[in-house]
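Here are the chains, one letter per residue:
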Amino acid sequence: MAWIRKHLLLFAALVVLGYLLIPNLIVAIFSFNKPRGRYNYEWNEFSIDAWLNPCGNPGICEALGLSLRIGFTASLVATILGTLVAFALGRHRFRGRSATNLLIFMPMATPEVVMGSSLLTLFVMAGIPSGAMNITIAHIMFCLSFVVVAVKARVSSLDPRLEEAAADLGATPLQTFLRVTLPLAAPGIAAGALLAFSLSFDDYIITNFNASPSSITFPMYVWGAAQRGTPVEIFVVGTVMFLLALFIVIIGQILSARRERQA
Amino acid sequence: MANMAVAVGGTPAPAARPTRRNWVPYALLLPGLLWLAVFYAAPMFTLGSQSLQEGNVYDGYVLTGNVGIYPEALSEYWPHLLRSLGYAASATIAGLVLAYPLAYYMAQKAGRWKNIMLILVIAPFFTSFLIRTLAWRIILSDGGVVSDIVHTTGLINLLDIMGLTQGGTLLNSKFAVMAGLTYNFLPFMILPLYAALERLDPRLMEAARDLYASGWETFRHVIFPLSLPGVVAGTLLTFIPATGDYINSRLLGNTQTVMIGQVIDSLFLRVLDFPKAAALSFILLVMIVTLVGIYVRRAGTEELV
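Those protein sequences? They're chains A and B, same order as listed. For the first sequence, my numbering gives the first residue as 1, with consecutive numbering after it. For the second sequence, my numbering gives the first residue as 1, with consecutive numbering after it.
So here's chain B without its partners, still in its complex pose (with noise of 0.2 Å):
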């Protein structure tokens, strides 16, 4: 290790950096790509070989190159994996609406205030993500003040409308699924969002709205383009987890708002079907993989790490 230090703090002459310390930044990746190699990668060749293997928990499993299952599995679960995708796209959405008038507002205008705003939007995400959820349970419970505003309102009737609702309750539906979705990943696009809103010039601003541009053609020619790289951070950052969340529909849902992940574990972990679950599980990571790849190139930013 102290090699190591040595060899981090040392500043040659430029020149000298790349023949003699070549095996410095290798050294330094080893253990950490290791890591990652031994339990990320590798464990997804043994995802897909387990879910081309037949054969039961109790006597063992076989490869047999059952590729018949990803069809099969597909067929019984394609109404859960769209609605996975759906609720998550709607939750990076509203996510995204939510987060840009707080995010521009800490960023360009709180002033001294920005600190103690930053503090509140991060410290919620430090505590426990599963107590937060039960909370909704007693915010969006009958007879609670969001239930009465609702009621009073008639909104309830719009929710009810939609499909979002049924019978009045607000809680165990899409709507609260979906509530909750929006809520428990909105720091993660807050925070990549006032970090690059913070980055904007307020003299862009002003030279916009000497040219003549109103406040919405400001926005849409000027700080919405310079904020993509925090856009396009915070909505994966919500997409992505939102899609294999499974606590939101478990805890504020019904049976009709079940999500792939909730399959996927219950496949695993209580009907023992390890193939279905592992191939379920394969076809989730291929199509984030290939929807995220598409998104990123679209949005021109490939240097997100």
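Bound conformation, chain A alone (with noise of 0.2 Å):
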């Protein structure tokens, strides 16, 4: 009985996992087809031409461009932001804290269709024309929370004693900082930097409601695809990112499994 219950966990967390990998498994297989009509949504023959000539739909690689750029720019500035605002919830006592959580909160707690169109008021009565600043813009304030939680996971589980051993064997609070303090919480940065970046990355909600036709990302790209037909290419790019994405994962997860040894 313990034996059949023991594996009918193991069934149900494998067909979980199915669940969870059969689109990607289904979007890397269907990035090898030939589509019949401009629909890539029947097997037709094997082919390889999108891998040869993934930027063969007109405008795809300029979206895939900027998508990189505004991911890159925000991922950067709502790191550092969130960081810093992490070391002093995770580090500090101060008056107005609850309120700090309440605010950082809020924007995991709105769905995206609110903040993007209520920020689309605030531009329109700005009278600040819609465009990738914009989007830059929204993405910085949506992903700061998100890096704010990964990295005051990090920064409250660390030992203050390590910090205080440093400065009691003369270090600087600069020293101890840059060589004590940033790099016990170099993963959580890491782990928000890369949660943000993939946020950013991905949206298309709030980026729709604040984007102009001449700053169209990647996810607006494959939207607009989806509604004429859908081009092999995006395929091919989805699978790139899955393949990219699990070799970040895996980096990581080496790199924290050897941090863990040597500890």
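To be clear, the hints were calculated from the coordinates, so they are not data collected in a lab. Hints may contain errors.
As the list claims (entries may be wrong) - Footprint (simulated), chain A over chain B, 3 or more residues, beta carbon under 8 Å:
1) 89-101
2) 233-245
3) 272-279
Just so it is clear, CB atoms sit at the ideal spot from N, CA and C, and this is done for glycine as well.
Since each chain comes alone in its own frame, lean on the hints to assemble the complex.
Here it is as structure tokens:
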């Protein structure tokens, strides 16, 4: 009985993993398809055309480039601002703490469509035309809270005695920060930055509210494509992104395993 | 910046901290909180103001305090609001049921497979949401494997009777939208559950068994209550974005599955009826905040961040 139950649980876990991963598998398989019509929804014949020329569809690589630029800028700024906030919350006592927590929590508890549309009204009233800058500003806003959560989790779990020890051994505050605090907090900061980048890169709803026809990001390109036909090239990009993400996550796991062994 | 760094790293004698470096946390908070104040909080006011204005995009808007727009928007779009809440609630419950066994297995049973399973849960989350949703069109299409299975087992009749599908096709149906919503937000359910279940001491389960608790009783009285913080975080992280989402309903649904986000999007960007769109957006926000507030209070976990 215990044997059956144990394996029932494993079976359930594997089914759910399959549910999570099958769409990625389908995307990878269909990146090698040569569809009959404009929609890449039915398997027709094997082809590597799309892999040989992923920029073949007009506009796809421009959109990809814009998404990468916005993702990079937004995650960089959000990581810096979010890390500072996380240090304040994780390392200091101050008045107004619960108000700060609330302001950090609210963007995560607000549907994207509300944030996107409200930002649009702000920009419209301020007379600022939509475009890539508005998108970047919006992305920094909604990524910030996630960075704070990721970094704060790490900072709060650090042993303050390590910093005290450094100070006792004659390190200046700057040395202590650069050689002790920052390296210890680095995994949290890296996780926050990665999360921010992927949230920014993947966002459609908030972006759509604040974009102009000259600032088409990759998700907007995919959305537009889905109405007219689905070029195989987007499946190639999807597959490459999945493999890249897998690679980054595996590297991260190996690094943290190595750190744990050293510790 | 260097000054700030110095201040963070410095660990003065405990007594000195509150007096001498009192400004430090505020300096650290300032840029981030300012950003949120200007680009998160202020827009909520402009949104409210926009909803009370009259006019049009070309001639401009004037604030007239037209609160009548709220009952008007509600009477016109309450089915979409209710539908969105219903779909989000189903996706949240389905997500919890699906995520729990996987999270539990990863946290307590997986051993050396734990990290690999964790990677497999996180990696899809890092790849395009939209492309993966398009993949569901392929998976659920007529003549596909899933369609064959539900037809040969007769499950399709059940789905038709429940009104989740129509005419024996899985695509462009309520079922497809709910499956898509469940799928898309599943990692947000799995990860907090996993974090909560990983902290669970296996000796507590042994103790329950030693005291003659059955498997179900152990789950009901030991495992589930201790995982509650993860359950609360996971359900919120699923329910909130799912309510406002319209990618799944647009790509996998039909005209009968239109969600509130889709209405707001088209009123704002195509119909250009800014006041009504803003009013709906505001109603959605108030509804979610109220529901979340009640839920968090009932679950008794206030410290979420």
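- Query: Which earlier hints can't be squared with this structure?
  - Reply: Every hint satisfied by this model.
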